[in-house]
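Mind docking chains B, C and D on chain A? Use the hints.
4 protein chains.
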Amino acid sequence: MSRNNAQYYEGQQCSRQWKAFLSAFASEFASKGETKDLRAFMHQLGRTMANEYTITDGSSLQALEDKMNSIWAELDWGWVELSEEAEALVVAHRASPFKMAFGVGALSWSPALLEGIYAQWFESLGMDPTLRLLQKGDALEGGQLFVYELKKQIDEPSYFTRR
Amino acid sequence: MSRNNAQYYEGQQCSRQWKAFLSAFASEFASKGETKDLRAFMHQLGRTMANEYTITDGSSLQALEDKMNSIWAELDWGWVELSEEAEALVVAHRASPFKMAFGVGALSWSPALLEGIYAQWFESLGMDPTLRLLQKGDALEGGQLFVYELKKQIDEPSYFTRR
Amino acid sequence: MSRNNAQYYEGQQCSRQWKAFLSAFASEFASKGETKDLRAFMHQLGRTMANEYTITDGSSLQALEDKMNSIWAELDWGWVELSEEAEALVVAHRASPFKMAFGVGALSWSPALLEGIYAQWFESLGMDPTLRLLQKGDALEGGQLFVYELKKQIDEPSYFTRR
Amino acid sequence: MSRNNAQYYEGQQCSRQWKAFLSAFASEFASKGETKDLRAFMHQLGRTMANEYTITDGSSLQALEDKMNSIWAELDWGWVELSEEAEALVVAHRASPFKMAFGVGALSWSPALLEGIYAQWFESLGMDPTLRLLQKGDALEGGQLFVYELKKQIDEPSYFTRR
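As they're listed, the protein sequences go chains A, B, C and D.
Position one of the first sequence corresponds to residue 0 (numbering that gives the first Met the number 0), numbered consecutively onward.
Position one of the second sequence corresponds to residue 0 (numbering that gives the first Met the number 0), numbered consecutively onward.
Position one of the third sequence corresponds to residue 0 (numbering that gives the first Met the number 0), numbered consecutively onward.
Position one of the fourth sequence corresponds to residue 0 (numbering that gives the first Met the number 0), numbered consecutively onward.
Next comes chain A alone, as it looks inside the complex (with noise of 0.2 Å):
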């Protein structure tokens, strides 16, 4: 079969109102700088777009992953899912239409926008101020999975110059 429900999911995830809008801003966006500005862009919408939500059930992870998986929902942007690793609070994000909305060659740089997201998140529920919340690594499965590690950054000044 040379196709599978994945793939027709995934075609169908992105509204065909701001489709072709965002592909075409995500291409001129592109052209206008390097992938740690663009990130950094990115990052700091997110940060912004945070902010229309309030996370405030810190009580459990599995309540805090609810929570957020109930805001993803509604967005149609994915799942989330959190846990605890020995230096790490891991967020894994799946099923995000970033993919189809700012092109394969966004991969680079769209993840930054879940990045503020969870950086902005993670602040708002009072966490230790050592902690930074970083994508790691590059996009899995396709463009359908995002990793981003909540751990002490030693070396790292800000989130805005890791790439």
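Only true hints are included.
Since the list gives no way to pick out one identical chain from another, each pair is judged satisfied if it fits inside one copy or across any two copies.
Cross-link-like lysine to any residue pairs, in silico, SDA-like; alpha carbons within 25 Å at most:
1) K18 to G104
2) K35 to K151
3) K18 to W71
4) K98 to N68
5) K18 to T55
These are computed hints drawn from the structure, not numbers from a lab.
Same frame as chain A, but now just chains B, C and D:
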């Protein structure tokens, strides 16, 4: 992982505008008759719906499949694969929103809607009148795959007495 | 100008995913019974749908209207105004997608869906059991306004024998 | 009545999936430059977007308007009227989702997106190269009407120095 992308996408697919209506419709409707009557109504409804669309490109099986898939993509009703087997043309329809719209309990009759659509489309293409298009077996793959067959129906006097 | 914004918006409102289905449904369904039976089915369907939502905030008419409007906005089913008159509570529902979904010909029975929803909601709020909620007159403003009244029904033994 | 259908529809029009993103984008973007720079970027973005669509039917003004409106209906971006006046072709675009997407504050620059799209489309039709398409005045009718003119631009050296 207790969840996956397929479940996420399936949960998002049905339009918010009509989901509660369709669920209530399925519940009220199912209380009014037996499965074969429900199937007959849905089959007829499918035939009426089919007339909204013109399926002309029967130049090749692939062209026909492409034309059907452009309609399904427009409606976000999933996707179809047509394949020729020895005794039948097989119509495999995946990723319809029916399970989410009409409910799991309606999977015994809701696929008759697509049966009616495909039957009407194949008839409009001038198919051999000794052929009939009928659903083969129950919904598969957790309600995400419906299989129909277009073939000579020897001992089945009508679409409506199958079950 | 042969066109206006109202017509544009009205034409866009009904979800593409279910428009052809709902139109075919209305056509098949209307052929099965008389207006009063169609209204009875739609009214009952509305009552079933109403149970998907919890309407608790009867602290003021405005609070109740706001709660209902948040549900209507979520569904994109229009908006309501509640007003008290001498003999009745008037429920004026505007901008529903029913004309585009079920067709102009269905405007004699499709508003019974909202009649059932409002009836169920007011009953769930513990209203005086001598009150009945019924549609008053036909659809107005080109099918964009349905008026319902909640009042003492002296000579009407049930919702279902009104027409 | 403190509310009307136009306000209701306007509030519903922008896709939930991108509304918060577009609002944050407008806010961040507006902080980066002056109105003329924002207009230049949006105009260019519009030109890029325009290339996603083929506008060929220039056989009559009505045919052209119809073709454009079929694209706008597909995107739910409103509707256009083309009319010939003594010195100019007037392009009146109504019911765009821009006010809800980018905000009221962005109405000084967001309409440049449509300016770029129309400019590119008219150029692709082989218009007289001495003609220019420019927005005329500010947004009208509460941000629901943008007027553009295609005419000889004597003293305007480029699209981008207009404001």
